[in-house]
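One-letter residues, chain by chain:
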Amino acid sequence: MSDTSITNSQELLLTNDGVPLKVSLRKSLRRTKIRSFLLILPPLLFLLLMFVTPIGSLLSRSVDDIAINKVFPQTFAQYELWEDKSQLPSEEMFAAVVNDIRVTIKVKDDEGIDIGKNLLGRSGTRMTYEYSGWKSLISKTIKSALKVDKKSKEEVKPFIWEAPFKDKMIKRDKRWAKVEFWQSLGAMKDPYTMGYYLNAVDLKFDANKNIIQKEEYLKIYNTIWIRTLQVSLMVTIFCLLLAYPVAYLLATLPMKTSNLLMICVLMPFWTSLLVRIVAWMIMLQQNGVVNDTLMYILPCFEGMVNLPFFGATNIDLCFSDEDRLPMMYNFTGTIIVMTQVLLPFMILPIYSVMKGIPPSYMKAAQNLGATPTRAFIRVYMPQSVPGIGAGCILVFIVAIGYYITPELVGGKDGIMIGNFVAREMQRTLNWGLAAAMGAILLAAVLVLYWAYDRLIGLDNLKMG
Amino acid sequence: MSKDKTSKEPKLKSMEEPLVKFKNVQKSYDGEILVVKDFNLDVAPGEFVTMLGPSGSGKTTCLMMLAGFEPTTNGTIYLKGKPINNVPPHKRGIGMVFQNYALFPHMTVAENLSFPLEVRKMGKTEREAKVNRALDMVQLGEFGQRRPMQLSGGQQQRVAVARSLVFDPDLVLMDEPLGALDKNLREQMQYEIKHLHESLGLTVVYVTHDQTEALTMSNRIAVFNDGVVLQCSSPEDLYEKPENSFVANFIGENNRLMGTVEAIKGNIATVKTDSGDVVVATKVNVGKVGDRATLSLRPERIIVAPKKGKTPNTYSAKVEELIYHGDHIRTRFSVCGHDDFIVKIPNSIDNVDLKKGKQVDIGWMSEDCLALDG
Chain Y
177 MSDTSITNSQ ELLLTNDGVP LKVSLRKSLR RTKIRSFLLI LPPLLFLLLM FVTPIGSLLS
237 RSVDDIAINK VFPQTFAQYE LWEDKSQLPS EEMFAAVVND IRVTIKVKDD EGIDIGKNLL
297 GRSGTRMTYE YSGWKSLISK TIKSALKVDK KSKEEVKPFI WEAPFKDKMI KRDKRWAKVE
357 FWQSLGAMKD PYTMGYYLNA VDLKFDANKN IIQKEEYLKI YNTIWIRTLQ VSLMVTIFCL
417 LLAYPVAYLL ATLPMKTSNL LMICVLMPFW TSLLVRIVAW MIMLQQNGVV NDTLMYILPC
477 FEGMVNLPFF GATNIDLCFS DEDRLPMMYN FTGTIIVMTQ VLLPFMILPI YSVMKGIPPS
537 YMKAAQNLGA TPTRAFIRVY MPQSVPGIGA GCILVFIVAI GYYITPELVG GKDGIMIGNF
597 VAREMQRTLN WGLAAAMGAI LLAAVLVLYW AYDRLIGLDN LKMG
Chain C
14 MSKDKTSKEP KLKSMEEPLV KFKNVQKSYD GEILVVKDFN LDVAPGEFVT MLGPSGSGKT
74 TCLMMLAGFE PTTNGTIYLK GKPINNVPPH KRGIGMVFQN YALFPHMTVA ENLSFPLEVR
134 KMGKTEREAK VNRALDMVQL GEFGQRRPMQ LSGGQQQRVA VARSLVFDPD LVLMDEPLGA
194 LDKNLREQMQ YEIKHLHESL GLTVVYVTHD QTEALTMSNR IAVFNDGVVL QCSSPEDLYE
254 KPENSFVANF IGENNRLMGT VEAIKGNIAT VKTDSGDVVV ATKVNVGKVG DRATLSLRPE
314 RIIVAPKKGK TPNTYSAKVE ELIYHGDHIR TRFSVCGHDD FIVKIPNSID NVDLKKGKQV
374 DIGWMSEDCL ALDG
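Residue numbers (the working numbering), protein chains in the order written: chain Y, 177 to 640; chain C, 14 to 387.
Okay, chain Y solo, but in the shape it has when bound (with noise of 0.2 Å):
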């Protein structure tokens, strides 16, 4: 230190060419900075390229509704001078949404095509997410706007564009006389809104956009979200029964026993899933293999029995077709196939952690005076916590958005919100709900990850 630098009187520290020790210091460090930085850029790149854009387009799909207020701009405006939301709009209200879609119609791209039709069209499928039936009534409304003479092929100008709107458009289509589907408008005002994440939690707004239950027979998703949640504990909690005895003796027996064990708890990683869920189909239907067994080995006795206390009685001890135990495309079906086909990210974890408890610990206890079962607990078991926590939050994680095993198995009641996000995504097209509700999954996953930092500290967690 005394021929690099100087202490001097302020405490400052001083190098010999009289530049303060800091300063240098960065200096010094600045190259390695840099070189490190570079060394770490295309992972980063790629991060941001794979991972974090995907991530972040799809949840601003969540909350986005700029699409529709551009297209019907003129109708928000006049919603908000609409009074009382009981009674029809006025006569204002109505020509801003004949004015919309005579402004949007008109609509080109860049290289002249006509996008008008397209745009409306968009808008209709998302207003019918709010009020079911205003697709069509949109297009309907077109249709008659856009009549053609068949002789001239000129447009005509329609009835419908003449001032006053309100009773034509109302004869032209009752519905427009609904107050529900004018109400309907208020969730979908400003640019970005929480519907999706309503309609997700089985909420919506009302036409002053307070948030109520929505009517009890369009509720479906709380009884998903409850039961993903459902499968999921019970998922982690079976593999980890199932998970810890095997971890230990993976962890405890003889290199060569192990290797042979390891082999076969990584021998269903390396067999497709979709082999693996077939064959537990196999396994487990009515007519399947445990079934069978279970007919098979159960006794059967029928008939009288004189037993003491009860008397003569009864007794049906026959296992018959009846009996068969339903275990597949149903609740326990998905639990059964998940928790095998998780187990392994339950087991290495929890095996890594006890591989690096040193055998002499137990040792020590047993010296110490404790019998192998209490050393176990109170010593063994302690230090396996942090492969527990690893193990648990994996399997929870993985499991929460689980989507092939249960659409595979799951039936009517075994099924997830993984699979309503894939629905939404493939067949409604509801891509704003998917994404709210994939983005309410990585919200519970990050509450998890937070809950988990504070009662265990996420520096105790060893993934293995």
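Everything labelled a hint here was simulated from the structure, so no lab data went into it. Please note: incorrect hints may appear among the correct ones.
Between beta-carbon pairs, the in silico distance windows are [to be verified]:
1) Ser41/C <-> Asn435/Y: 42 to 48 Å
2) Asn360/C <-> Lys432/Y: 57 to 63 Å
3) Asn98/C <-> Pro430/Y: 20 to 26 Å
4) Asn145/C <-> Phe227/Y: 50 to 56 Å
5) Glu200/C <-> Met431/Y: 45 to 51 Å
Covered stretches of chain Y (chain C as the covering partner; in silico rule of three or more C-beta atoms under 8 Å from a C-beta of chain C) [what the hints assert, rightly or not]:
6) 260 to 267
7) 535 to 546
Every residue gets a Cβ at the ideal spot worked out from N, C-alpha and C, and that includes glycine.
Given the structure of chain Y, go ahead and fit chain C onto it with the hints provided.
Using the frame of chain Y, we list chain C on its own:
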């Protein structure tokens, strides 16, 4: 263990019933190789016995059998006169300090110490008192609430010792407890353990491969090699009167000359070395005339340029190398066809001025030259 006549502690009586007795103990892990071959040892109460030997010689296995972690393949171990072969480790009541301390990392120091008392269902106040006393004993009074990981190696060591003593066991086992410490700390801990042994009257069975450690601390040392105890005696005897060439070589520094027995007359054996020199040595462990023998000479017992007629053995040697060691000069000679003959020459004024390549006479007394098995 007939050689046990020079116990350092006067309180040790050989007539007393041994606390620990190994009787014809054998151990094999795979049924093919005997790791321990016929091990016999008596440990008297209050004794500090060290099992010393190179790694793989079976000393730790013996300790593990005593602690109950390894079953004996044959033979019996007695504790206070009762065979304990079938007693599980937690019922033996033996304290043990493990090689890497095995302090439970998820418990505080105080909890670690309290653990053996808890499993013995001791009351809370009594437990606390005992824990505090044990901590004070190893000068760690204020560290009770720390985690073992927050302590230095030496402090962890002390906690491990305190934990092995806190439930007042009759016997304490130590399995190379100082192996992980640096040299200074190791020496300091050697003295501390020795003082604890003396002040508390503990019976200790200690395992180490470090001969200095064994010499410093023990009442008796059992030297192991290849599953067999080669000698079991006090540190002095082990150094001064080794019974075979392995012990002579393993304990302290040693020059070895190989040869054949020419004649045996009473206590004196005449050995002709392979280079043709004739050496008069004390007979310790040689057979008949014509047998191979190893002559063992301590480097500090060699006299450089002895006065004529003073030593019965005098030979001309060539100085090969001089290494300055401060208090002594380590000199390598070639003599009697042996070019790695070490002599420690005290660093005093009247010593001869030696130079590399110089021819000089060296000699030794026949008492200092032991004729051992070849």
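Structure-based check of all given hints:
| no. | hint | verdict |
| --- | --- | --- |
| 1 | Ser41/C <-> Asn435/Y: 42 to 48 Å | 25 Å, violated |
| 2 | Asn360/C <-> Lys432/Y: 57 to 63 Å | 58 Å, holds |
| 3 | Asn98/C <-> Pro430/Y: 20 to 26 Å | 24 Å, holds |
| 4 | Asn145/C <-> Phe227/Y: 50 to 56 Å | 55 Å, holds |
| 5 | Glu200/C <-> Met431/Y: 45 to 51 Å | 38 Å, violated |
| 6 | 260 to 267 | violated (count 0) |
| 7 | 535 to 546 | holds (count 10) |
Of the hints listed earlier, those the structure fails to meet are numbers 1, 5 and 6, in rising order.
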